[in-house]
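4 protein chains.
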Amino acid sequence: MLKVALLGAGRIGQVHAKSILANAESALVAIADVNAAAAQALAAEVGAEVRSVEAILADPAIDAVLIATSTDTHSALIERATAAGKAVLCEKPVDLSLERALACQAATAGNGAPVMIGFNRRFDPNFAALKAAFDRGEIGKGELLAITSFDPAPPPVSYVRVSGGLFRDMMIHDFDMACWIMGGAPAVVSATGSAIVDPEIGAAGDVDTAVVTLTWADGRLAVIKNSRRAGYGYDQRLELLGSGGLLSAQNVLENTVQKITTAGVSSAKPVYFFLERYMRAYEAEWSAFVTAVKAGTAMPVPLAEGVAALACAEAATRAAQSGRAAAITADMLGG
Amino acid sequence: MLKVALLGAGRIGQVHAKSILANAESALVAIADVNAAAAQALAAEVGAEVRSVEAILADPAIDAVLIATSTDTHSALIERATAAGKAVLCEKPVDLSLERALACQAATAGNGAPVMIGFNRRFDPNFAALKAAFDRGEIGKGELLAITSFDPAPPPVSYVRVSGGLFRDMMIHDFDMACWIMGGAPAVVSATGSAIVDPEIGAAGDVDTAVVTLTWADGRLAVIKNSRRAGYGYDQRLELLGSGGLLSAQNVLENTVQKITTAGVSSAKPVYFFLERYMRAYEAEWSAFVTAVKAGTAMPVPLAEGVAALACAEAATRAAQSGRAAAITADMLGG
Amino acid sequence: MLKVALLGAGRIGQVHAKSILANAESALVAIADVNAAAAQALAAEVGAEVRSVEAILADPAIDAVLIATSTDTHSALIERATAAGKAVLCEKPVDLSLERALACQAATAGNGAPVMIGFNRRFDPNFAALKAAFDRGEIGKGELLAITSFDPAPPPVSYVRVSGGLFRDMMIHDFDMACWIMGGAPAVVSATGSAIVDPEIGAAGDVDTAVVTLTWADGRLAVIKNSRRAGYGYDQRLELLGSGGLLSAQNVLENTVQKITTAGVSSAKPVYFFLERYMRAYEAEWSAFVTAVKAGTAMPVPLAEGVAALACAEAATRAAQSGRAAAITADMLGG
Amino acid sequence: MLKVALLGAGRIGQVHAKSILANAESALVAIADVNAAAAQALAAEVGAEVRSVEAILADPAIDAVLIATSTDTHSALIERATAAGKAVLCEKPVDLSLERALACQAATAGNGAPVMIGFNRRFDPNFAALKAAFDRGEIGKGELLAITSFDPAPPPVSYVRVSGGLFRDMMIHDFDMACWIMGGAPAVVSATGSAIVDPEIGAAGDVDTAVVTLTWADGRLAVIKNSRRAGYGYDQRLELLGSGGLLSAQNVLENTVQKITTAGVSSAKPVYFFLERYMRAYEAEWSAFVTAVKAGTAMPVPLAEGVAALACAEAATRAAQSGRAAAITADMLGG
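Chains A, B, C and D supply the protein sequences, listed in that same order.
Under this note's numbering, the first residue of the first sequence carries the number 1, and numbering increases by one thereafter.
Under this note's numbering, the first residue of the second sequence carries the number 1001, and numbering increases by one thereafter.
Under this note's numbering, the first residue of the third sequence carries the number 2001, and numbering increases by one thereafter.
Under this note's numbering, the first residue of the fourth sequence carries the number 3001, and numbering increases by one thereafter.
Just chain A, same shape as in the assembly:
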């Protein structure tokens, strides 16, 4: 039984708490949050204890920590937790600063504690089935990947201001999917973005609609479309053209009912947002972490892959501003 402490009792921390509880091989023993009330409420609900980060890291009975705090604390907590010998699952992104993330990667490289970054979409059964089919060679060599990733509604501008921008905050997931499926980081990133959903987002210096093209050194391509406002729900699709065919993962609909009238054929819309779509993915992510920690095998999403996604975001941000393709150099990947 893996004894786990949860750092961060906010929305995403609560999601992870459920996964920890649902897993027969992990126990949630402690919760820390700078917001004492939040920590207390969640601890009461799940039967855990409220403790300080210090106390948690000092407790040899705790095997692992799940970091679900605000992004600016991730790097330091990863460093402290691994120094204390804890296995770590940290929410994405590693950091808003690539430089800081690289420093974290360097600092933790030697201490041997396993670190996994929480790119939950890799564990979605649909995306995982696509990846497995591709890895079995069902469509030959991957040539052109297309990712559609739209949120149902834009966040408040106050959030946008501290988010690090669409490329680091939202498209980071898609950069990870692209690197995961295509196998490693691209060499060049082009990016275009606009604030057409909400001019306030533009006034805050960010974009709400964007298209990014990734090129690998051998010429393979990926294109990512993001919008902060699809309206109808969470639109999360992948499509990979290979030398022998096309694989796609379609949206998950609310139900399978169809209606045919003179107005046409209608079906249910996609499920609304990430909790509806990815709850099973969060559980599978946690399960993969627990299994790897217990078996001592490689982390399913190592820290270096969290850094690679951030390098893509950094390059995309630069490319969108300059109108020029940006290279991803070896030093951006900590190599």
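Derived from the structure by calculation, the hints contain no laboratory data.
Idealized CB from N, CA, C, for every residue including glycine.
Hints are not guaranteed to be accurate.
Stated by the list, open to error - Facing chain B, a subset of chain D residues (Cβ under 10 Å, in silico):
| # | residue |
| --- | --- |
| 1 | 3251 |
| 2 | 3254 |
| 3 | 3265 |
| 4 | 3269 |
Based on these hints, arrange chains B, C and D on the given structure of chain A.
Frame of chain A; chains B, C and D shown alone:
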């Protein structure tokens, strides 16, 4: 918190145990089974106590029993449990004998304890969404209902011999769906069946493939197709033609991945069997029972509706044998 | 170049005229109709001559006749045309009277002229693709066929009165599809029907909604659903469960556009009626006839198969009235 | 009856000849081709006369010419034909040189003869239905358009060398679709391309896989994916995210048959190439041209829109080479 005892620790009892545990408003306190080892194993897993049926029914602390024993014990257990003042959720069918089921209905009519029959498919989110859309009037008056219900593989002939036959054992679910959607029992039943999947099933006096037509007094129609062997999985679809359109509920597929090659477009197959397809339905069924018991409102699937489905099965069995349409008379419905 | 005369210049005759014109190996030279104005109008449009049936049959330059007159004239025209040595494509049904159709079959058996019955649906590319896949063994042995066949709107009651009833007029197509796919006529027919779309149809002694079950001697089954009013268009689907899987042919939609909004996913409805759906099938039917006549090979849909469909209709009519399954005996098939 | 001469009797000229014949309001009277045998063969097949371009343009009885010659002759033929007062439908692209196309636009601006460019995809019933739904306001303001356009197999490298490159030869269609749907030309074009399908294409200085992003002055975006080799057929899809939802046009499949086995659900693949997919579009295009010429109304696809697509191709070619976004200036549009 509803205190619940589970009678029957076999496959379906284990399914229900999970639903009871997953529900925050019910607690599984006791388990009884003629197979002591099975009772013990499940009790250990879920943290409940093994007790005799007698002890359970005599215990005033137990609010409800879930009957998941063999079919031939259902009627008697319903009678005993309701006499003891327990709320009852009993697995389908009420009985293999319509006569016995009617006697049970008569015997329990006066004692006031709520009885619900476990027709889990009513709680499938897809079928429930179809029913809700129909009840909202989205396709006008229902005229012709078509139910497709195929199992992935036939049961052993030893099971077939004691099952009461396809109409009572398998199509009973579809009779309930038809009565539920169309609103009440049909007036006439026609039936045709063959043993073409497995001649041994024919030798045992049963059929493995069947088509049944139901006619309501006002001329509305339903047709049910059953096969014991679809091979590719569990095929569970509804389709209702109304005066203003058509509603259908399609199968649930394993995932949303599509592949296009020179061989065509391919997608995942339907989920394999009832546990994969209906686990959420079992949980929703239990939740509906708990809610109704606590609120003192009408049972979502009252005993009389379990009797109606059985009356259809009885009529279908007769019709298949005689080649003549069989009427469902008021006395077959306990009226 | 096959020289063709068209008997009947009504709606379906006009459809066939287009197919004759579109085929590079046939020429439409003469048209006959009891309605002289109709004959004249069509002849002018297609550049053919108006002639009497007598003149057409007496003209040795005419190779083939296409019979698209009213049903009660089919048998006599088949007899006269084949006696005159013409190849014949006759619209379905052969006759409203099975007895008369059998007499026609007997009368023409010896004269050697090829006769084909116009069951156009066999030539629909979707149904033909399903049949080809089944014949290639892709789902093993066929066990349970389901045919859905709904018209968009009921015909006027005046038409219903002279139509021979739903089973002979509308379901005749589906009987042919069933015999074609399953390979030969069934042994037993059960039928249920209601007039729930239009009570006037009931008052005229017919039904507008019906379910028919066919059983072959070896236990294979088929079920046909008919409705005179789907509202949303022409609903024409097939579904065949085999020992190794399921084949289905879905409807043809007006276009491939999908819209996703908060109201759900919507697509175009099925094409409206038989001309929209089956125009290509009529052309392919005519092409198959021309090819077979020129090559001297067997008729794609011989007269005997038109008789078999009519025998099913006869049995269904009887079964619906009596509530008893009706046998199809060898003498009903002219055997 | 519009009297038409066809210039060019090659593959696409033959396609157009069929459309001219199929249209009841146009007659194909003359054909010219530098390849006399090709002109002769087609003329014989369609019952037209072989004549020189000079003779055709000098003949006052000829109302319109359809230019289906090699691309390098388009501009000059447009100029000569309009100077001779003929209505012109010219195959895409206007020219491989934007400069030459702009000169053609300037030269013909004053002479009043209608010129239409043959962007056939606008007349595809699926794309036209999407455009109509969008123009009706069904998804609000268009924000992000995505076009997928893959050919089944790459052309020979000999063709690639003279094609003007993927952006001018293949993506020109998609540029037109984007300008048509979004309403006018974009302000900025970014492009990335690779030769990963066939290295010979790369050696010839072209790409076979490309992603282009278009940005309009108000921030709206479009992204176009092209591949010369989808393998499974012709993949032609549109998807438009609007402020109120998403509209998409899916591929046309060969038929509607589905098969379900233990291997999953399989359907037919998309139709193979442009003739299978767009034959109806060519007919509708011709019909729209004839209607506009006869009514004297505006050309459905005026020459200026052919120039705009070419300006996009020019900018994309430059952007792909430089890695920098390229502006589309007013002078590139002849403005």
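Tested hints:
For residue 3251(D), the suggested interface contact is upheld, since its CB lies about 9 Å from the closest CB of chain B, less than 10 Å. Hint status for residue 3254(D): holds, given a least beta-carbon distance of 8 Å to chain B, under 10 Å. With a least beta-carbon distance of about 4 Å to chain B, the hint placing residue 3265(D) at the interface is held under the 10 Å criterion. Here the hint on residue 3269(D) is kept, as its CB sits about 5 Å from the closest CB of chain B, short of 10 Å.
The structure agrees with every numbered hint stated previously.
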